[in-house]
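2 protein chains.
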Amino acid sequence: MSRTHILAVDAMGGDQAPEMVIAGLEIATRRFPQARFMIFGDLAKLEPLVTATKRLRGQATLHHAGDVISGDMKPTAALRLRDSSLRRAIDAVLAGDAAGVVSAGNTGALLALSKIVLKTIPGIDRPAMAAIAPSAKGDVVLLDLGANVVYDSRNLVEFAVMGEMFAKVVLGLPAPTVGLLNIGSEEGKGDEILRSAAATLRESPIAGQFHGFVEGHDIAGGTVDVVVTDGFTGNVALKTGEGALKLVGELLKSVFNSGPFAKMGYLLARGGLKRLKELLDPRRYNGAVFLGLNGVVVKSHGGADAEGFAHAVDVAMDMITNDFNQRIRDGLAAMDQALLAESVR
Amino acid sequence: MSRTHILAVDAMGGDQAPEMVIAGLEIATRRFPQARFMIFGDLAKLEPLVTATKRLRGQATLHHAGDVISGDMKPTAALRLRDSSLRRAIDAVLAGDAAGVVSAGNTGALLALSKIVLKTIPGIDRPAMAAIAPSAKGDVVLLDLGANVVYDSRNLVEFAVMGEMFAKVVLGLPAPTVGLLNIGSEEGKGDEILRSAAATLRESPIAGQFHGFVEGHDIAGGTVDVVVTDGFTGNVALKTGEGALKLVGELLKSVFNSGPFAKMGYLLARGGLKRLKELLDPRRYNGAVFLGLNGVVVKSHGGADAEGFAHAVDVAMDMITNDFNQRIRDGLAAMDQALLAESVR
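Sequences listed follow chains A and B, in order. In terms of this note's numbering, the first sequence is residues 1 to 345. In terms of this note's numbering, the second sequence is residues 1001 to 1345.
Bound conformation, chain A alone:
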């Protein structure tokens, strides 16, 4: 078995951990019967859970970790816990025992630990956090989502390269289109950082896929496959969109519960409404990813259920089996050569 099919799992992170994590992995084994899972956490809790599974117990190894990083622990405090389930899982990636890590735990701790332990891929200045969001034209990749509040135009270009590759590997698009998020689509809009990043992308190997500037409504509109922005704006945009979808969902629920006719109406349209609900289901979009690190790092939502956690495992496995990080290295090298040739000309 190649090491590219081994995933390290932090079993203690997430609101319903470790039960939710083990149940999620059991679901994942159906899709990845060849994968192996290194599961880190409190053995006393994990052993009976894993023993009770049908398939997972044959694909898992258990590794004790005595410390737990709570959801509200500061990254600096989390860094000091040498025997946390999260730290041990990341260490397994560093040691080459696993190709990636999945955790539903503390986001800040996961980012800080994976940055410090795994470090960025040579040529990548800062890692980015990416997620998938629904749109009128299929799934869209949005990044950065909060890994960077300080950034420059080179970072945005790197995010574009990584996002484009992520869309290829995880969404299966042959030539994903890329847009830079701005407050207008005209060339002169936005600050110098945005305009400089756009100029670089227009001369880059992905110039043919670069759509230029896009606006907030283009995310759900599906104007491009990859929306690139800084971490502050991306974090606000993702959460604003999620909030708007949640609002409509709640309002719809109250409409269909408002009386017997409305309830009957729901039953008649149920098939389509269920597909709509599934399409917009936050669990489908579970699995934010830290791109640009030496190893695949996937964050499942802290409130995810087993199905959501299994989806985060899907994303990690897609990246691992498609050798995502090597392709990022190749993409960056091609970009740097093209830009070098451009500047020499």
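These are calculated hints, taken from the structure and not from any lab test. Check before you lean on any hint, since a few could be wrong.
If you want the footprint, here are the derived chain B segments under chain A, 3+ residues with CB under 8 Å [what the hints assert, rightly or not]:
#1 1127-1136
#2 1151-1159
#3 1225-1233
#4 1236-1248
#5 1273-1280
Example chain A residues on the side facing chain B (calculated, C-beta under 7 Å, incomplete) [said to hold, decoys possible]:
#6 LEU173
#7 GLY243
#8 LEU245
#9 LEU251
Keep in mind the model is a prediction, meaning the values are calculated, not measured. The beta carbon of each residue, even a glycine, is placed where N, CA and C say it ideally should be.
With the hints as your guide, set chain B onto chain A.
Frame of chain A; chain B shown alone:
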């Protein structure tokens, strides 16, 4: 008739102008039978339209303006047109002939012209663009929406003061709550500008209404009545939320058109679905406002219909009749005195 009830109207701005504008004003006369409207534009087009109205013709004066600012004209070019309907309408506010202006025309031109002609209220560094968005707990004020890409913590504090007063006057809330948009709700989150603005607001006269930091999902969640942010983030957030709502609307439409049962389902739940559609209707949220200028300046959406334009007039009239700008001056003076006392202590 006091001048506070006279509104200057740019009749030539907007996709369906001037017909849509005149039809919108005719609707507005029903709500404001005492108001007077100074209508600026091409007299040859306006005269027959206004003559054909029932009520508006008795409340309107027509003023010829020979130039038209197109939707894609740059603000610098728009500034050079001395006889545009937009310029003449703003000039009427400067001259004291009208208390405010409404336009469905070029946003950048409206902002640039009203800033240069009307100037900011003494004590306000930069004007802000505000709009109303739907939430789970009623309407929410969001600002800035793109008037400022460059900003500092004092600007954010001024936006908070203006937004709080806007929520009082336009939403009718006695003590609106205020939040600063950030990528986490903990005190240490965000950059120095955000943390400094939060610190000032915690010591300010509106400290009791200041909720601290809020996140993207808090906008539609209705966590606070007023969400304060910089123009770049606010513009992206507003458009992202609108895009998400539009996506669900389109998906719902296709669900209910997917077959005879679904169509019947729609009919049975029609009452509630229509109320939901009305609640989220972009026209209800039409009327972005430039706050902090010497005069009330309201921007209707360029694609608005007559009902939407009438709503923008509503917002302008609410601000005029409630003497919004004087209350902003008073609010700023109180804030500055409190902060001065604080710094002297």
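Right, here's what the structure says about each hint:
no.	hint	result
1	1127-1136	holds (count 3)
2	1151-1159	violated (count 0)
3	1225-1233	holds (count 4)
4	1236-1248	holds (count 13)
5	1273-1280	holds (count 5)
6	LEU173	violated (19 Å)
7	GLY243	holds (3 Å)
8	LEU245	holds (5 Å)
9	LEU251	holds (5 Å)
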